[in-house]
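Chains A and B supply the protein sequences, listed in that same order.
With this note's numbering as the guide, the letters of the first sequence map in order to residues 7 to 117.
With this note's numbering as the guide, the letters of the second sequence map in order to residues 2 to 179.
Read the hints as simulated data drawn from the structure, not as lab findings.
Hints may be right or wrong, so weigh each one.
[Stated by the list, open to error] If you anchor each label on the Cβ, the simulated ranges turn out as follows:
1) A:Glu-114 / B:Phe-85: 24 to 32 Å
2) A:Ile-79 / B:Asp-64: 27 to 35 Å
3) A:Glu-21 / B:Glu-95: 28 to 36 Å
4) A:Pro-72 / B:Gln-179: 28 to 36 Å
5) A:Glu-77 / B:Ala-93: 21 to 29 Å
Each residue gets a CB set at the ideal place from its N, CA and C atoms; glycine is no exception.
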Amino acid sequence: MNVELLWWEGCPSTERALTAVREALTDLGLDGVEVRMQEIKDDGDAEETRFVGSPTILIDGVDLVPVAANEQIGLSCRVYRRRDGRVSPIPDPDDLREALRIAAERAEVKR
Amino acid sequence: MSIPIGAEAPDFQLPGADGATWSAFDPGPATPPATVVVFTCNHCPYALAWQDRLADAARDYADRGVRFLAINANDADRYPRDSFDAMKARVAGEDWPMPYLHDSTQEVAHAYGAKVTPDVFVLDSERRLRYRGAPDSDYDDPGQNAQWLREALDAVLGGSEPSRAETKPVGCSIKWKQ
Chain A
7 MNVELLWWEG CPSTERALTA VREALTDLGL DGVEVRMQEI KDDGDAEETR FVGSPTILID
67 GVDLVPVAAN EQIGLSCRVY RRRDGRVSPI PDPDDLREAL RIAAERAEVK R
Chain B
2 MSIPIGAEAP DFQLPGADGA TWSAFDPGPA TPPATVVVFT CNHCPYALAW QDRLADAARD
62 YADRGVRFLA INANDADRYP RDSFDAMKAR VAGEDWPMPY LHDSTQEVAH AYGAKVTPDV
122 FVLDSERRLR YRGAPDSDYD DPGQNAQWLR EALDAVLGGS EPSRAETKPV GCSIKWKQ
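Based on the sequences and whatever the hints tell you, model everything.
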């Protein structure tokens, strides 16, 4: 499984997001999975990666939260919704765990 | 660089999403005992997460004459979600207990030394800065209820110095024009 965290320095949520990803991996017994960090430095990087905000978490290349087709690409902080409806700069931990669990099961089936 | 604690804050005149023009220090016949200037925006998750707490504080302190002004200074060319039209649409669709002002030239944000959204400035009746920073210690905990802001307001209204005059504002960087 490939887990990537795309981040931009204009948002202070990177560390918190990385911690959340690592905790979710630990919860699922996937401590060995590396989280690859990719800094988005400028508009060119954002265009190249279709970056819609920091942090963006890709699991096997797929965004943890589906992105609307008209979502603006660029350097900004991403808005997530917790399961209770609150706005947050990082994904809901339950969404994170669920996405990682599904990806892990998919990887297991392929073997 | 931000205005220092104790210094007089700059006045301004800005258009509001309600169609009126607002000044920092043009409150009418009665001088407000405190004025809260919050730099915020439409697209930042930190600003959005703290919005309800700031709105609640505005409602809770309205009876005591405290004036709240929200200002959006982000570059709307690069961030269309922060355009004046988007601000108007947001105010029309939500319950805002404070005017939402557009700092299109970013001069006010520069004058105050605002850095992020949200960035809170509490001014006393003499227009001097008494608190600057975050609304409270955790955007992710609604139970914090803008505690740092409320403590500062209680101190100013009580005629004393806030015990915590400065905290680190946490949020999205203000999107300056390039």
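Do the hints match the structure? See the list:
1. A:Glu-114 / B:Phe-85: 24 to 32 Å: Because 52 Å falls outside the window, the suggested range is violated.
2. A:Ile-79 / B:Asp-64: 27 to 35 Å: About 45 Å separates the Cβ atoms of Ile-79 of chain A and Asp-64 of chain B, which means 27 to 35 Å is violated.
3. A:Glu-21 / B:Glu-95: 28 to 36 Å: 31 Å, holds
4. A:Pro-72 / B:Gln-179: 28 to 36 Å: Given range 28 to 36 Å: holds, Cβ gap about 31 Å.
5. A:Glu-77 / B:Ala-93: 21 to 29 Å: 23 Å Cβ-Cβ, so the 21 to 29 Å window holds.
The structure is inconsistent with the numbered hints 1, 2, although it conforms to all the rest.
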